[in-house]
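Novice: Spelled out, the chains give:
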Amino acid sequence: MAERVLAATRKGLFTIERAKSGKWAITKTDFLAQNLPIVHANAAKDMIIACISHGHFGQKVHRSRDRGKTWTEVKAPAFPPLAEGEKPVVDMFGRTVPSTLQLIWAMESGGKNEDGRLWCGTIPGGLFRSDDAGETWEINRPLWDHPTRKKWSGGGADWPGIHSVCVDPRDPKHITLGISSGGVWATTDGGKTWETRCKGLRAEYMPPEQAEEPTAQDPHIVVQCPGKPDHLWIQHHNGIFRTTNAGQKWAELPSAGPSVFGFAVAVHPKDPLTAWFVPAKKDETRIPVDGKVVVTRTRDGGKTFDVLSKGLPQEHAYDITYRHALDIDSTGKSLAFGTTTGSLWISDDQGESWQTVSEHLPPVYCVRFEK
Amino acid sequence: MPHVSFTSNLRQHVACPEADVQGSTVGAALGDYFATHGLVRDYVLDEHGAVRKHMAVFVDGEMISDRERLSDPVGPRAKIWVIQALSGG
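Same order as they appear, the protein sequences are chains A and B.
For the first sequence, position 212 (counting from the first letter as 1) is numbered 211 according to numbering that gives the first Met the number 0, and the numbering increases by one without interruption.
For the second sequence, position 40 (counting from the first letter as 1) is numbered 39 according to numbering that gives the first Met the number 0, and the numbering increases by one without interruption.
It cannot be assumed that every hint is accurate.
Heads up, simulated EDC-like pairs for lysine to aspartate or glutamate below, C-alpha to C-alpha not over 20 Å straight-line [said to hold, decoys possible]:
#1 B/LYS52 with A/ASP157
#2 A/LYS74 with B/GLU46
#3 A/LYS86 with B/GLU46
#4 A/LYS302 with A/GLU251
#5 A/LYS280 with A/ASP299
#6 A/LYS86 with B/GLU67
#7 A/LYS227 with A/GLU107
I should point out that these hints are in silico values taken from the structure, not numbers from a laboratory.
These figures come from a predicted structure and were not determined experimentally.
Work out the full structure, taking the sequences as your base and the hints as a guide.
Specialist: This is how it looks when you write it as structure tokens:
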């Protein structure tokens with residue numbers, strides 16, 4: 000089982016480690032008081048990438064090559080200037096979409112044999128690639144220049160953003176993206192061409208005739224089963240969806256315990272039928288149903304769901320788990336999730352019971368096992 | 000020579016000692032500074048070279064008017080201050 004968890008929060012990066020007794024505890028803080036939307040760990044390379052969002056000084060990327068002992072600031076992705084005569088994109092609300100980096104919203108390593116490759120998703124909706132572990136970045140022009148990008152809109156933030164980058168373990172040229180709100184996109188040629196993979200998704204928040212419009216879809220997060228990469232799950236604004244054919248067709252799962260609304264999903268690393276969610280009351284309120292924090296788990300591809308609550312608060316709890324704040328380790332036994340009200344829980348038995356690491360952290364944005 | 004100084008709040012994130020610089024515009028003077036303190040640039044300017052939304056640049060007590068091209072003139076003994084705008088209260 001995993002031994003370390005990283006939690007990126009509104010006020011710092013926290014390292015949580017398991018003692019021999021089995022108890023998890025915070026053992027280290029980095030970047031205390033800084034706002035970290037994203038952290039990415041690549042255990043095979045002892046590398047951690049910490050992304051900082053300064054209120055005044057912009058978005059920064061810090062890299063450690065010794066599991067967080069020392070840090071070096073590397074370059075942040077940069078958007079290209081508008082070409083002579085090029086007009087900026089105006090969204091459906093008439094607002095000009097900035098062509099400068101607003102937030103780093105996804106950071107993932109490339110394939111096993113792609114040494115130094117990182118993929119970074121941002122707000123506004125840019126996808127960047129680095130082949131030198133963050134020293135330099137290049138925007139993916141085919142996606143940035145795609146005419147359909149003009150139809151993307153903000154979802155969870157004022158501007159559209161790329162929050163999910165799923166690199167197929169079998170073929171790193173096959174990449175699936177989640178965009179809020181811009182749908183699910185995939186490339187099979189390493190980013191030269193892109194197409195939407197939204198068939199079966201449904202956006203109830205749109206006028207009925209546009210409910211199936213690909214770019215109107217708001218997948219809150221997209222995750223891929225590493226052992227069966229054609230199987231992906233989405234926690235969508237509208238509910239839970241699953242595909243068994245790499246997004247060619249999605250199936251909606253209409254019921255899942257107290258609610259199908261939420262932001263996060265984790266899929267078992269080998270068993271594509273097993274996934275976990277942290278549900279919330281539908282989007283008008285965004286609080287746990289009846290003030291009870293629960294995790295829902297399916298082991299049969301979404302036909303049935305267990306509601307797991309042992310160790311979680313069951314009265315007057317208003318914790319919400321954001322899209323990057325739930326993770327599973329590489330064995331599929333341990334899960335961790337953090338919340339907007341600063342709670343962090345870890346389970347070592349697939350969610351049956353939960354250990355409280357803290358209920359007093361800053362708002363938690365991203366939780367990652369070292370894997 | 001013009002002299003450039005930075006808000007102390009920036010020093011906790013990146014080394015930015017005050018320094019004499021060369022240049023007759025804000026852009027040239029800051030560009031001269033960034034030539035030897037490269038990391039500081041991205042903390043003050045965005046990727047297109049404009050002053051970040053929540054930063055402010057003063058020359059001899061006056062806030063610069065051209066935040067995009069940094070064309071405001073800088074005298075040979077100008078004091079340039081790079082500070083945080085008090086956005087957010």
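Novice: Now tell me if each hint is right for this structure.
Specialist: Against the structure, the hints come out as follows:
no.: 1; hint: B/LYS52 with A/ASP157; in the structure: holds, 16 Å
no.: 2; hint: A/LYS74 with B/GLU46; in the structure: holds, 11 Å
no.: 3; hint: A/LYS86 with B/GLU46; in the structure: holds, 18 Å
no.: 4; hint: A/LYS302 with A/GLU251; in the structure: holds, 11 Å
no.: 5; hint: A/LYS280 with A/ASP299; in the structure: violated, 23 Å
no.: 6; hint: A/LYS86 with B/GLU67; in the structure: holds, 17 Å
no.: 7; hint: A/LYS227 with A/GLU107; in the structure: holds, 18 Å
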